[in-house]
Amino acid sequence: MSTENGDRKVEELDRVTIRFAGDSGDGMQLVGLQFTNTAAVFGNDVATVPDIPAEIRAPAGSIPGVSAFQVSFSSYDIHTPGDAPDVLVAMNPAALKAHLSDLPKGGMIVANSDEFTEVNLKKADYDSNPLKDDSLTGYRLVQVPITSMNARALADSRLNTKQIDRSKNLFALGVMFWLYERSLEPTQRSIKQRFAKNPQVAEANITTLKAGYHFGETAELFPVLYSVPKAHLPPGKYRNITGNEAAALGFLTASKLADKPLLYGSYPITPASDILHELAKHKNFGVKTFQAEDEIAAIGAIIGAAFGGSLGLTATSGPGLALKSEALGLAVMVELPIVVAVIQRSGPSTGMPTKSEQADLLQAVFGRNGESPVAIVAPATPSECFNLAIEAFRIAIKHMIPTIFLSDGHLGTASEPWRIPSLDDLPKIAVEYATDPDTFQPYTRNDKTLARPWAIPGTPGLEHRIGGLEKSDVSGNVSYDAENHWKMTQYRAEKVERIADDIPHVEVIGDPQGQLLVLGWGSTYGAILSAVTRARAAGLSVSCAQLRHLNPLPSDLGDVISRFDRILMPELNLGQLRMIIRSRFMVDAEGLNKVSGRPFLIQEIEDKILSMVKSEVRV
Amino acid sequence: MSTENGDRKVEELDRVTIRFAGDSGDGMQLVGLQFTNTAAVFGNDVATVPDIPAEIRAPAGSIPGVSAFQVSFSSYDIHTPGDAPDVLVAMNPAALKAHLSDLPKGGMIVANSDEFTEVNLKKADYDSNPLKDDSLTGYRLVQVPITSMNARALADSRLNTKQIDRSKNLFALGVMFWLYERSLEPTQRSIKQRFAKNPQVAEANITTLKAGYHFGETAELFPVLYSVPKAHLPPGKYRNITGNEAAALGFLTASKLADKPLLYGSYPITPASDILHELAKHKNFGVKTFQAEDEIAAIGAIIGAAFGGSLGLTATSGPGLALKSEALGLAVMVELPIVVAVIQRSGPSTGMPTKSEQADLLQAVFGRNGESPVAIVAPATPSECFNLAIEAFRIAIKHMIPTIFLSDGHLGTASEPWRIPSLDDLPKIAVEYATDPDTFQPYTRNDKTLARPWAIPGTPGLEHRIGGLEKSDVSGNVSYDAENHWKMTQYRAEKVERIADDIPHVEVIGDPQGQLLVLGWGSTYGAILSAVTRARAAGLSVSCAQLRHLNPLPSDLGDVISRFDRILMPELNLGQLRMIIRSRFMVDAEGLNKVSGRPFLIQEIEDKILSMVKSEVRV
Amino acid sequence: MSQATTDGQIKLARKDFVSDQEVRWCPGCGDYSILTQTQKLMPELGVPRENIVFISGIGCSSRLPYYMNTYGFHSIHGRAPTIATGLKITRPELQVWVITGDGDGLSIGGNHLLHVMRRNVDLVIVLFNNRIYGLTKGQYSPTSEIGKRTKSSPAGSIDYPINPLSIALGAEASFVARSIDIDVRHLMSTLERAARHKGTSFVEVYQNCNVFNDGAFMEFADKSVRPDRTITLEHGKPLIFGKDNDKGIRLNGTRPEVVDLGNGVSESDLLIHDETDPDPIVAHILARMQWPEFPVPLGVVRAVDRPTYDDLLNDQVQDAIKSSGEGDLTAILNSGDTWEVE
Amino acid sequence: MSQATTDGQIKLARKDFVSDQEVRWCPGCGDYSILTQTQKLMPELGVPRENIVFISGIGCSSRLPYYMNTYGFHSIHGRAPTIATGLKITRPELQVWVITGDGDGLSIGGNHLLHVMRRNVDLVIVLFNNRIYGLTKGQYSPTSEIGKRTKSSPAGSIDYPINPLSIALGAEASFVARSIDIDVRHLMSTLERAARHKGTSFVEVYQNCNVFNDGAFMEFADKSVRPDRTITLEHGKPLIFGKDNDKGIRLNGTRPEVVDLGNGVSESDLLIHDETDPDPIVAHILARMQWPEFPVPLGVVRAVDRPTYDDLLNDQVQDAIKSSGEGDLTAILNSGDTWEVE
Ligand SMILES: Cc1ncc(C[n+]2csc(CCOP(=O)(O)OP(=O)(O)O)c2C)c(N)n1
Ligand SMILES: Cc1ncc(C[n+]2csc(CCOP(=O)(O)OP(=O)(O)O)c2C)c(N)n1
Ligand code: SF4
Ligand code: SF4
Ligand SMILES: [Mg+2]
Ligand SMILES: [Mg+2]
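Protein chains in written order, with the working numbering: chain W, 1 to 619; chain C, 1001 to 1619; chain D, 2001 to 2342; chain S, 3001 to 3342.
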């Protein structure tokens, strides 16, 4: 559908994906976020993913120094930040070089032509200028002299040259706003807020933003304008949120719902550090953050806090979880409620710290000495991190068991609109401390959950000792008795299994039975859902289900699986959950596996589905 | 079969199991070992298992203070230290109380009646004297006033009372030697050696040993004498050896076979410390032992040693492996040959440190961040620890991969006769360091094994950098490239898989196909083999196979499994290898699981076999 | 047994602090004495029993919490300071003790010990130094002497030993002391001082392991020689020692020297012990005095005031509440750019 | 570029130590200077390039090995000293460097650092102290000042900072020094001293992180004030400082004090620096001198001889061979009670 705007065509699209790419110093994250907010406030559904260089600061203009931000906005409910961009904004040659391969032929390139100088081309390893040779044939290349136009716009601003140059990202943003018919209003507001103490800079930023917008309007560069209408999201109040922000707020909320203070013990590590930064801001909630000397001290501290009756939380990524494993085993033995948030990144070892995958699942399930089961929950979208953070503490406390919140770098750093919940809608988390000296024994068990009592220091008459040696049933004394060890081993195992009575059934999207079930967990949700939606639209017998509880698995999972002819499990690892599912349900589940530090493309999953399901309906 | 000796009957038995039990201070380990040696030198097959109290020294006379040693000796090839003792030597009431429940009705009790005093009975929580009330009806009770007879024998010895009392274990040993028609010769020799500097004590010990023997001869306590004829072991020179000793000697031998020095880095932990103690003695082999500040430093040091071209070895048990997991992941990434010996003990957490189980397998396989595969070998008997220690280094070096040697406390501390190998029969381990600067690249790969070159500092022209960040194929430079990460992830996985071409096929004991295959690994071998042997003798269609390579699994395992109707997997855990086998081969393997800190009884496995196999032949 | 005091309060007795668990150390082990003194001290502190927590790592020493009828946590090797930190900062009203050994605290746990001391978390840390790994049956430890032959060092240890007091002072610990198992009165009073100090109190206790390292301290601690080979530090007093109080320690520049009193040397020439000196240099000098060059110092080497981590953290929380008000979750959830979808 | 020296040997140049990897620190980072000085130093040491190994942990600082054209190992966080120990004790002929940061070396890796120093393994350890976690984008570190506001301490850090030199001295390290990125000559000579010392050489280098902690040392290290606010330690020389060499450090008992020369105070009243003093007390005094009370000491604080762990270990092996002969494996396998089965 296309209409006219002035003398140019306006084409209506239902989804657009823009990737802003430039030097780390070029402010790409900022403009990306501004565009996202603007689109969201307008009413689009949005999804974003940053791509920040691994190196702290590689040399300016070099390929490792390129920083990017992708935003996808649409008129329908979207689930991934888009397989491939429709538009690549390249602020310099390195940005073009680093990202061109992701842009499909026919895609638009908005290039800052000023920066394609000989020096910069060399830094990006270009032998000749791609804007001038034929290498970009097949793309829609739009050259904009962003650097010089911005400089000209701010010539009178009284800023120095460096400051002026730093504003050029806003000029580019102005151009893009015009192209997609967006309001400058939200960005202007945010600039004013940000530079409240520096009105000169604020004004300059707004000037160049507008200059970019007007440039778009007056220049003859764009033959068509694009508009993406509002999406139909459920009504409510929304904000954008990344997975790590949502998790931090979820943990804060859990503390409120349980009415117990939170101790967050942690040692910084990518991509989990944001949770520390976020929680450190909220001391007035009674949250204490403890930056420990290492990961072991961090988990030690929260075990101590849990012993004392607080909510103990730590967050880390794979290498940190490895270090915490001995202490996590202690928490299993003493049966105290702690939550360990694991924001997975690419491994093994240091791996690729700023890239993500799902390869820490088996470490989470089995990476401790002895039979040492813990509960595990796994959010599937950035905003779900909020709910599952609460769920992790609910399980930990009700079942007196360490619980792992297993997220990943994609979820942690990607953002999407989040319908802000009302506190009143969230159920309280009941906490009961033991108090009665006459009946108290440290290792009695709740009939239903098998949880032991939470008995905290300071309670008169309940003085007792816990520890890492095997405990005697009921009394909790040290025991080397063979029968007792067998009994306690089974208790610990069954305690986790019984959580299955306390969690939702599997939610199948699509028909409850059929030829193929695509079974996933974690951040692959968006790509799986999109692929399955497409395949179903094409008439294929495919459904999907995303597991949010990985230990224990939902009690009806076996039933669900048995209703499908075949099972496909896409995972960003070599088949970790698949191994468990195959073993548990004796089902020959197939894998679609990718370990490259990148999320699945919808297309990859769709292709695999097509290869597995005979498309009777279509033929 | 029974003959006469003097005026008493001599009964010939094909197997006898004696348990010596007494206070920690009573020297039970010593007399147990002496009995074992004597039986072995005589030509019996022997198997032993110590049972040392967890506490350093519990109060004398208390139940936690009881120390025991079980020896089984026979005229045929035996595989376990016996399900239940035939004879219990109880040096005091606590020893009787702690061990009586293991003695089958009809079994013999040799009790040191002198110690059944009121005080001692109370320490052992006895309300009345079991030697006098009826509680021992059904057993063959033999009361020997060991303490006083010993004191009398040594009245003239010029030793002080305390020293005299300490010799009473040898009096008891003398009695048992007489009962089973054993020579005093080996023990006398060993006493003389031990107290070479203290002939007075040596003489006294021998005096009381003989006094015990003569007491047996003269007293009327034993109606029957027993004799156990020689076993038919393969010819050769033998010695007794525990699993940990065998492992230490195996590692020493690997260093010799590879002609490269060994660095053993470790932090003491039960039940692995013996390996440190053993290797520390052999500095004149060029072995260096480094007692590190913790487990992480220990593995760090051996990674450094491996980088430098030495053989790097560390040993620990479960909690230590947990701590080493991050560094082990580093070794996976840098592809250096190290061996991590894990002597499993009961978990989770500190668990029961002196008890054993097989519950660290999944930690060994999966307990690291990212896709981080290592090779794993698992000895099945104490003496096999020797061969598999060598095998671990062979694999590590040839395939340039960290390798786990997965033993357990049962294997580590139990002993059996070991046919001493001749060094000439053992194949050398080829080590090749890269030397050619013109062709060298750190991450090229051997066509067959995919091993990268071992290039050690000190080699001119090969200067290069390695580390925990993802490596670029061939060049080894840091890489964040998606394709490269996928490629390297697959290389690491396939490198382990290819070891399957380099290890023996599964050895099936019994028919190559049939109704039931009992599939095991590690220390359960003896009990499985004995149970299967019994079941086969009863005509059942049962075979067994013990896996010594757990990662990768032998290449023909799938074939082997497919030839049996059903698979039974006894494990001293909740089914860890079973999960892998079920998932990998889609076979509904059943488990027989026990997590009590104790080994399987033959009977337990036999019962399970009977329940699974229809005994057509018998019926 | 507890008894009512004059003001009607129940005064507890040692027995009230004895748990029902059988004590399982080797007969003759120095750990018994430390346990007894600790149990005896408890009623003196006036802290309700339920507010006392003993946290330990792994080792013979670390079994102590089982024997105290208080709250207790026998954790994992080397990590007790971390657990204690988490407990203390969330429950500042509790009195938290850390029990550790020379292996637990200085080998695997060295880093946690160092960090807890520099942070000055309000804990009482008692390190049982027997210069050996007891529980694992006799390997040398970080405090074992050079040349010590053990199971793991049959040719003699080559690891230069750690001086626990030097490490504590290097970390600027606010309370640093040393005592010994066999001097029960000194031990009791040192533990009491430690318990009453606000901030991390670090107490090294020389402890005899009669099974694997018997007599490790006898050369200077045996009753017969103790007065001449040890020196008891007392705040504000000159450093005098000897059976006849006839010897002292004088500083020559920064070097300590042993002097005989009389013959022109008087008390006023001697070093006066000032445990409150904010500058830890003299404490460092004392910490390094070793037999046979010097008598071994016993007592409180340092006791200074500095803000505790737990107070500072709780103050920050209170300040945040004062300045921004009690956290309003709804406001936080609704912060940033928001929009309505109808 | 390498060139032949008069004796025909190839003398290497800085360029020979520059690897082909692009350097990836933020422009302006102090790490560049340390890298350059290290590369320049290499040819001076006369150690064949293939015998030099740089081992690091994780952090911005720990990327240095990539840029050195020697052997290198960029390991995991905090563990470089352990890997270096294993390498050095098995390959004593190598020169092994450890590159670490204030987080890597003093936070997660504090214990390894302490133990390697007390063992005196013959390594050169360079700790880049920028008082911040650089690589993880700006959290406070164990050397950050009280009150420092960072991403993880928005209300100001409450962790009492660690003084790396005090810790090193507490561990009785045999070589302890401090230098700073912007004084390239001093840095070069300090690194050279460290490289030539036998035993663990510990060098703290103040390093500016211009992105997350810019100007951390400027108050005393800025060229304009440096002579008055720092003091360069030189062995055997009195402690004099100031633009006009008119100020000095005198010891008053165990306390240092700043004095103006002249007016009755002469050089002979000043503390004479003796880096070889076996007693580390004066070194402790120097280590604790901080701006603004005192000028900040730069240079070699301590350099004493003590046997290295690697030598002792290798000696034990040689002694064992001398006393028991080269290990005879067949004999060991056949030891104990054996018997023949025919
Ligand atoms: C992670 C881990 N590593 C090693 C051990 C084994 N271990 C237990 S106690 C101990 C050392 C004990 O020495 P110390 O702290 O001096 O205590 P002591 O027994 O002498 O009182 C060791 C190495 C363990 N339990 N856990
Ligand atoms: C086990 C582990 N924990 C945490 C991290 C994250 N991490 C990387 S570097 C670093 C601190 C860096 O600080 P510093 O050592 O001072 O180095 P700088 O970057 O300042 O040079 C941290 C916490 C990690 N890589 N591994
Ligand atoms: S081993 Fe030593 S420290 Fe441990 S209980 Fe026995 S005597 Fe005490
Ligand atoms: S973050 Fe700081 S320390 Fe790291 S490279 Fe940048 S300036 Fe240097
Ligand atoms: Mg000890
Ligand atoms: Mg730093």
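Calculated from the structure, these hints are not laboratory results. Check the hints yourself; a few may be wrong.
Unchecked claim - Partner residues aside, some chain S positions facing chain D, computed with beta carbon under 10 angstroms:
#1 Gly3078
#2 His3112
#3 Asn3120
#4 Gly3138
#5 Lys3148
#6 Leu3251
#7 Thr3276
#8 Asp3279
#9 Pro3292
#10 Tyr3309
#11 Asp3319
#12 Ala3331
#13 Asp3337
#14 Thr3338
C-beta: ideal position from N, C-alpha, C; glycine also.
Going through the hints against the structure:
1. Gly3078: 9 angstroms, holds
2. His3112: 8 angstroms, holds
3. Asn3120: 6 angstroms, holds
4. Gly3138: 19 angstroms, violated
5. Lys3148: 13 angstroms, violated
6. Leu3251: Holds - the Cβ of leucine 3251 of chain S comes within 10 angstroms of chain D, reaching about 7 angstroms at its closest.
7. Thr3276: 15 angstroms, violated
8. Asp3279: 6 angstroms, holds
9. Pro3292: Violated, because the Cβ-Cβ distance from proline 3292 of chain S to chain D comes to roughly 17 angstroms (cut-off 10 angstroms).
10. Tyr3309: This interface hint holds because 6 angstroms falls under the 10 angstroms limit.
11. Asp3319: Holds, about 7 angstroms.
12. Ala3331: Result: violated, 18 angstroms to nearest chain D Cβ.
13. Asp3337: 21 angstroms, violated
14. Thr3338: 23 angstroms, violated
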